[in-house]
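Residue strings, one per chain:
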Amino acid sequence: MYIFSAQNITKNYAAHTALKNVSIDVPEQSIFGLLGPNGAGKTSLIRIINQITAPDEGELFFAGEKLQPHHISLIGYLPEERGLYKKMKVGEQALYLAQLKGVSKSDALKKLKYWFEKFDILDWWNKKVEELSKGMQQKIQFIVTILHEPKLLIFDEPFSGFDPINVNLLKEEILNLKKNGATIIFSTHNMSSVEELCDNIALINKSYKILDGKVHEIKNTYKANIFEIGYHTQDIDFEKILPESFKLNSVVKQNGISKATIKIPLTASTNDLIQNVISKIELVSFNEILPTMNDIFIQKVNEQKHIA
Amino acid sequence: MKKIRLIVQREYLSRVKKKSFIIMTVLGPLLMAAIWIVPFFLATMSDEKKVIAVIDETGIFYSKFQSTDKVFFSYETELEKSKDDLTKGNISAILYVQKLTYTIPDQAVLLYSDKSPGIVTQSYISNAMQTILKNNLLVNAHNISKEDYDKINSTSIKLNTEDIRTGEKSYTEIKTGLGIFSGILIYFFIFMFGAQVMRGVIEEKTSRIVEVIISSVKPFQLMMGKIVGVALVGLTQFALWILLTFSIITALQMSMPEVFKNKQSEEIYNPGQKLPSADQLQLQTLQNQEIRELIDGLFSINYGVMIAQFIFYFLAGYLLYASLFASIGAAVDNEADTQQFMMPVTIPLLFAIIMSNFVINNPDGPVAFWLSIIPFTSPIIMMVRIPFGVPIEQIYLSMFLLIAGFVFTTWLAAKIYRTGILMYGKKVSYRELWKWLKY
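So the protein sequences, as listed, match chains A and B.
Numbering follows our numbering, in which position 58 of the first sequence is assigned residue number 58; successive positions increment by one, without gaps.
Numbering follows our numbering, in which position 161 of the second sequence is assigned residue number 161; successive positions increment by one, without gaps.
Read the hints as simulated data drawn from the structure, not as lab findings.
Predicted model only: the values in this text are computed from it and were never measured.
All C-beta atoms in this analysis are idealised placements derived from N, C-alpha and C, irrespective of residue type, glycine included.
Keep in mind that the hints are not guaranteed to be accurate.
[What the hints assert, rightly or not] As a list, the in silico DSSO-like pairs of lysine-lysine whose alpha-carbon atoms are at most 27 Å apart:
hint: 1; chain 1: A; residue 1: Lys-20; chain 2: B; residue 2: Lys-435
hint: 2; chain 1: A; residue 1: Lys-134; chain 2: B; residue 2: Lys-18
hint: 3; chain 1: A; residue 1: Lys-127; chain 2: A; residue 2: Lys-86
hint: 4; chain 1: B; residue 1: Lys-2; chain 2: A; residue 2: Lys-86
[What the hints assert, rightly or not] If you anchor each label on the Cβ, the simulated ranges turn out as follows:
hint: 5; chain 1: B; residue 1: Phe-351; chain 2: A; residue 2: Gln-7; range: 50 to 60 Å
hint: 6; chain 1: B; residue 1: Lys-2; chain 2: A; residue 2: Ser-160; range: 30 to 40 Å
hint: 7; chain 1: A; residue 1: Asp-123; chain 2: B; residue 2: Phe-41; range: 48 to 58 Å
hint: 8; chain 1: A; residue 1: Asp-56; chain 2: B; residue 2: Met-192; range: 37 to 47 Å
hint: 9; chain 1: A; residue 1: Asn-180; chain 2: B; residue 2: Arg-199; range: 34 to 44 Å
hint: 10; chain 1: B; residue 1: Asn-361; chain 2: A; residue 2: Thr-17; range: 56 to 66 Å
hint: 11; chain 1: B; residue 1: Thr-206; chain 2: A; residue 2: Asp-123; range: 23 to 33 Å
hint: 12; chain 1: A; residue 1: Ser-160; chain 2: B; residue 2: Trp-434; range: 31 to 41 Å
hint: 13; chain 1: B; residue 1: Gly-425; chain 2: A; residue 2: Gly-135; range: 15 to 25 Å
Same shape as in the complex, but just chain A (with noise of 0.2 Å):
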């Protein structure tokens, strides 16, 4: 069941073509990655997702139902470009964006106060939002994004401005909200954050999607069969010892430890590779290089430059 659907969207501005043909499915209760460079057309994306404007072309799900206006209750947003009337009181300020998403002012006052202990901020209740820290603010607009209790979040680079400290809460919250039955979108060119996060990810590049699914999934796609052997430091030509179509790839030594990264070919397999090597060295590590998402990132996004 897909909490959130886009069939091949499009949306055309005066000058260039911001999405060509995107569809996107997220699960529920999964957190789903949105990828790609700047200008990609994310945020395009995630802008028609909140209504905030309309695709030329292309259908929206919400649950199954047809995107509405009164589905904007069910979403909450953080966008990129984000910030506080400065002027105005951190509480009045919540309740106000509260209402807004048609919380009652009871229940967004009892709620409030809920998140606000939890992060322990009672005591800026009264503060005006100039008199707080970029951090701060951010820790306030999170718990205004969620307090509506959305079904569906959507995080644009939620964890910039933050500390390595309330990165970690937040990531707790955010993995705390998905447990709780919520779904994630997660805009983001942290590629460490999307690994540890993400169930599923589409990436777009140039308003075309060229890459989506689970995460483990395209890492396998994109394996390359490369090994690292880790070894006690020894006088060895390691590229000696192995055979003709395994290819060696670096010699790192550090701490008396060497730790040489060996690419395969798809013909061999890992035990081929150890039975040469084997009597050679003092083995201490074995294991499999997978690509990070970076690497896939860059790779696609380079792919792509190449092709156009």
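Starting from the structure of chain A, add chain B where the hints point.
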């Protein structure tokens, strides 16, 4: 609708709670009350006492002049001695009435003084002399009884007070003043509150809260909420101004009745009622005649109608321009960039203010008519015309077109607004705006 209400509420409350709003609200009425009260104070402000020597060869005027706290008449006989006194500065003027026939040609009366005597003093003396002479002629020369004389005089009272020409003259000045004043006030209000809308939009854009908000409400709702909220701020300010102005004036009238007594005693203004005989004449009356005309003029205006019209033209004029101000705010990233787009908005308003001087001279002419019909100038020009009386069908036409104009500019501005608020870091040109209109 509920969301618009929330937005209106926020926009309204965040503004009326500001210090600047409170300061403006207090200062405005003080200024307005000052405009009202200053004439009264001027009226009671006493010049130094003047002594006028009267040398009357005819004997008609002997001891007929009424001395007041400002002018003292002393009756002398020797012209040369008085001239001496005048040069020494003991007296301020000599009124020399030569013995001639009853008709007294103009040359028969001379007023000597070292400084040129005030026009008020002059008109007082000549008026007094006329009355005295008339009295003398009627009672003494024609044997008319005291009762008859009073009757005659009371007939002339009505003629005096309802003289169309004088009445109209004084009120024209009042109406001119009031027309220009309300025109400028509208201009000032449109700019002040229009700029508030613009700054509000820029604030939302630069603080980047706008995207958070328009994921909850439509851009049009946000824009209208802001415009309506600021309009209510304007109305509140205006209402408070009127309320405070009247309460300040009332409070002052109560606490210092002597300053305002002139106003209540309209009979003082009618010389006849106080002048069964010449010695009843008061200098005060004439000295303050102009001020009193001003005051009477101020009282002659139908403020209910004026205020109602003002509120309509302020609101509709503001609404017409506010959406344009909002779209300017949306098109730029900071206030410094607004300059290039302000021109088309400023020019019609400025033009209206400049033309209001022309309109005031011919409030029923074709220029006045057209400018008070065209929506972009009508809020100001119509306000200038209203004190002079405008045919009702013209007012309706102007109101209708103004509302139509407001709908049109809002529709136009909303298109620029909804695109503009999501554009960051881009210097926008007029061509760009044109493109946004066609999205």
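A quick look at each hint next to the structure:
About 21 Å separates the Cα atoms of Lys-20 (chain A) and Lys-435 (chain B), which keeps this hinted pair within 27 Å; it holds. With a C-alpha separation of about 24 Å, the suggested pair Lys-134 (chain A) and Lys-18 (chain B) falls inside the 27 Å cut-off, and the hint holds. For the hint pairing Lys-127 (chain A) with Lys-86 (chain A), the CA-to-CA distance comes to about 10 Å; that is within 27 Å, so the pair holds. Under the criterion of a C-alpha separation no larger than 27 Å, the hint pairing Lys-2 (chain B) with Lys-86 (chain A) is consistent with the structure, at around 24 Å.
For the pair Phe-351 (chain B) and Gln-7 (chain A), the beta carbons lie near 54 Å from each other, so the given range of 50 to 60 Å is met. Under the hint 30 to 40 Å, the C-beta atoms of Lys-2 (chain B) and Ser-160 (chain A), about 33 Å apart, fit the expected range. The given range of 48 to 58 Å is respected by Asp-123 (chain A) and Phe-41 (chain B), whose C-beta atoms sit roughly 54 Å from each other. Look at Asp-56 (chain A) against Met-192 (chain B): about 41 Å separates their beta carbons, and that is inside 37 to 47 Å.
For the pair Asn-180 (chain A) and Arg-199 (chain B), the supplied restraint of 34 to 44 Å holds, since their beta-carbon distance comes to about 41 Å. Hint check: Asn-361 (chain B) to Thr-17 (chain A), Cβ distance near 60 Å, so the stated range 56 to 66 Å holds. In this structure, Thr-206 (chain B) and Asp-123 (chain A) meet the distance hint of 23 to 33 Å, their C-beta atoms being roughly 28 Å apart. Separation of Ser-160 (chain A) from Trp-434 (chain B) is about 35 Å and conforms to the stated range, judged on CB atoms against 31 to 41 Å.
For the pair Gly-425 (chain B) and Gly-135 (chain A), the beta carbons lie near 23 Å from each other, so the given range of 15 to 25 Å is met.
When the structure is compared with the earlier hints, no violation turns up for any of them.
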